[in-house]
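Guided by the hints, dock chain C onto chain Z, whose structure is given.
Protein sequences, first through last, are from chains Z and C. Going left to right, the first sequence walks through residues 6 to 371 as the working numbering numbers them. Going left to right, the second sequence walks through residues 12 to 234 as the working numbering numbers them.
Treat the hints loosely; a few may be bogus.
[Claimed, not checked] Restraint-style ranges between C-beta atoms, simulated for each label pair:
#1 Z:10 to C:23: 36 to 44 Å
#2 Z:25 to C:28: 50 to 58 Å
#3 C:199 to Z:16: 33 to 41 Å
#4 C:71 to Z:257: 47 to 55 Å
#5 Z:10 to C:85: 24 to 32 Å
#6 C:87 to Z:10: 23 to 31 Å
#7 Z:346 to C:19: 47 to 55 Å
#8 Z:346 to C:203: 50 to 58 Å
[Said to hold, decoys possible] BS3-like cross-link-like pairs, simulated, lysine-lysine; straight-line CA separation at most 25 Å:
#9 Z:7 to C:129
#10 C:202 to C:188
#11 C:88 to C:126
#12 C:126 to C:114
#13 C:149 to C:129
#14 Z:67 to Z:53
#15 Z:7 to C:149
#16 C:149 to C:114
#17 C:149 to C:126
#18 Z:7 to C:126
#19 C:114 to C:202
#20 C:114 to C:129
#21 C:114 to Z:7
#22 Z:7 to C:88
It is worth saying that the hints were derived from the structure and are not from the lab. Glycine included, C-beta positions come from ideal geometry on N, C-alpha and C.
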Amino acid sequence: MKLAWRELIRRPSRFLTAGMALTLIVLLLLVLGGILDALIQSSTGLLKAQSAPLIVYSADSKGSIDRSRVTAAQHDAIAAVPGVHEATGLGIALLAGHIDGREEPSDVAVFGYEAANRLVPTPPAPGQGYADRSLEGDGLAVGDTIELGTARTPVEVIGWVSGTDYNLQKGLWVDAATWRDALNANIPDAAVAPGTFQAVLVTPEEGVAPADLAGTIDGAVPSVTTLTIDEAIAGVPGVAEQQSVFTSIIGTTFAVAGIVVALFFALLTIERIGLLGVLKAIGASSRTLAAGLTLQALLIAAGALALGGVLAVGLAQVIPDAVPLTLSSSRFVFTAVGLVISALIGSAISFRRIIRIDPASAVGGA
Amino acid sequence: MSALDMHDVRKTYGSGDNEVVALDHATLTVGDDEMIALVGPSGSGKTTLLSIAGGLLSPTDGEVVVGPHHLRDYSRKELTRFRREFVGFVFQGANLVPFLTAKENLLVVADVAGKRGKDIERRAETLLEELGLGQRMKNTPPQLSGGERQRVAIGRALMNEPELVLFDEPTSALDSKLGEQVMELIRSEVKGRGTAAIVVTHDTRMTHFADRIVEIQDGRLAA
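Chain Z extracted, bound-state conformation (with noise of 0.2 Å):
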């Protein structure tokens, strides 16, 4: 082990290569996961920061929130329905929003809600809103007022919250009263009577499984279809979708970066056969030489991350705001495991050529 890493120390030039390569690779792992995290977060930012775990849907929505329209007797009679704590409608509308001062409206997606969840706190009185962050870079300050839709319905912006936008738009929460004011003086198509939302979100009793209420939920409300939080998150047009490409990619960047560990040390262990072999024949066991491989493999890895990860984060400041990019901590575990799994796998791929060297090799050569 201390070979292999004095060689790496003494000798870097040598690593060089594929230490440019891993970092490199990184740096596209992390861009891509950025990417994707940010898209995701800016479409379900929404469902991500309920705390009720169930959200009800009307039964023809196919999971959609948005064509889902909840009655004002159905919410009754959801809150009714043993081992439901709590039953809180919620409402959206997709509206343009016109900032003062601001040429373009902003794409803004105005919800109506009745409690506080793990990002927004109380709603609102009538005719004021909390804005989301994401509607700071537009030009939006608190105290404000933005407009909604062509009918220009007024909103009062109190406060800040963060992480909550949908569907790419940014949010806006408004109190039920004004969210219904806004659709219905704007989609006139899509109006919504008194007390009637587009969902319900639910808080099951202490002790009451939320998988279990929703199986109750939908057997006791007619037309009606419960989901978990996370079965609506992947409800979200687009999201699937999304997580799928991406996913596809960043495996196969992580396929590659096993490729580069596999291929560089392949090579590596066919240039330095003759020393293999002297070390074999002085006594040093193929498991010890194998670990000095993975060593230098995981150390290289190491490197990797860091350089790349700086990097990540230099590129994620010079970004235009224009281009989704949220990088993680979270997804740089994900990028560190993946590659340490990637770098152990391409490593393993030279442990049989070392295995095969025999030391007696080292005796008779020029």
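The following block gives chain C in isolation, referenced to the frame of chain Z:
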């Protein structure tokens, strides 16, 4: 007890009509502090004999005993341990680890055995000083001359206090004068320690340093 006792050892490759006999019923005994020169033309079986004596190759037939070690019964893992702890090797062209200093090249032997500590470091330093390399301990092989590299290789072979040291053409890459100096050094080191040694060489000018000369031809040792 003799340091090496080879009895009726055969080593063959292939089988049937394709069988090649590399060593043919070789019997050889090397005393505890005896130094022998093994001479013979290329392809005569010198390297095969050396490899079998050092536990690098297993014989097809016959008995090989080094001190108390009956190599015929040893598994591959046991042979690795045997080489690590009881035999010293000096290869052609020194074959040092190029990115390690002279001292670290000696410590490799201890490192692969998992041995560490001040005593081990002191032993490496003492050996290098004895070999006239006290001022060259921190130099890497590319910074050393051919003779110095070979001296480091001798130090490496003696590092684990072996019962038997095997030298494979130790002077082949050196000129005559340097070759003689190295052979003198080998003799003084193995004799000073009472260690047995086999020196494979085809340079007859070097054989007078040995206690005994053993000739090999076509895999057979001369009577």
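The hints, checked one at a time:
1. Z:10 to C:23: 36 to 44 Å: Because 42 Å falls inside the window, the suggested range holds.
2. Z:25 to C:28: 50 to 58 Å: At 54 Å between Cβs, range holds.
3. C:199 to Z:16: 33 to 41 Å: Given a distance of about 35 Å, which is inside 33 to 41 Å, the answer is holds.
4. C:71 to Z:257: 47 to 55 Å: holds, 51 Å
5. Z:10 to C:85: 24 to 32 Å: holds, 31 Å
6. C:87 to Z:10: 23 to 31 Å: For residue 10 of chain Z against residue 87 of chain C, whose Cβ atoms are near 27 Å apart, the range 23 to 31 Å holds.
7. Z:346 to C:19: 47 to 55 Å: For residue 346 of chain Z and residue 19 of chain C the Cβ distance comes to about 53 Å; the hint holds.
8. Z:346 to C:203: 50 to 58 Å: holds, 53 Å
9. Z:7 to C:129: Judged against 25 Å, a Cα distance of about 16 Å means the pair holds.
10. C:202 to C:188: Between residue 202 of chain C and residue 188 of chain C the Cα gap is close to 21 Å, so the pair holds against 25 Å.
11. C:88 to C:126: holds, 18 Å
12. C:126 to C:114: holds, 15 Å
13. C:149 to C:129: holds, 17 Å
14. Z:67 to Z:53: Holds: residue 67 of chain Z and residue 53 of chain Z sit about 20 Å apart, inside 25 Å.
15. Z:7 to C:149: Since the Cα atoms of residue 7 of chain Z and residue 149 of chain C sit roughly 17 Å apart, the hinted pair holds (cutoff 25 Å).
16. C:149 to C:114: holds, 7 Å
17. C:149 to C:126: holds, 20 Å
18. Z:7 to C:126: holds, 12 Å
19. C:114 to C:202: Holds. Residue 114 of chain C to residue 202 of chain C sits at ~23 Å (cutoff 25 Å).
20. C:114 to C:129: holds, 13 Å
21. C:114 to Z:7: holds, 14 Å
22. Z:7 to C:88: holds, 21 Å
Checked against the numbered hints above, the structure breaks none of them.
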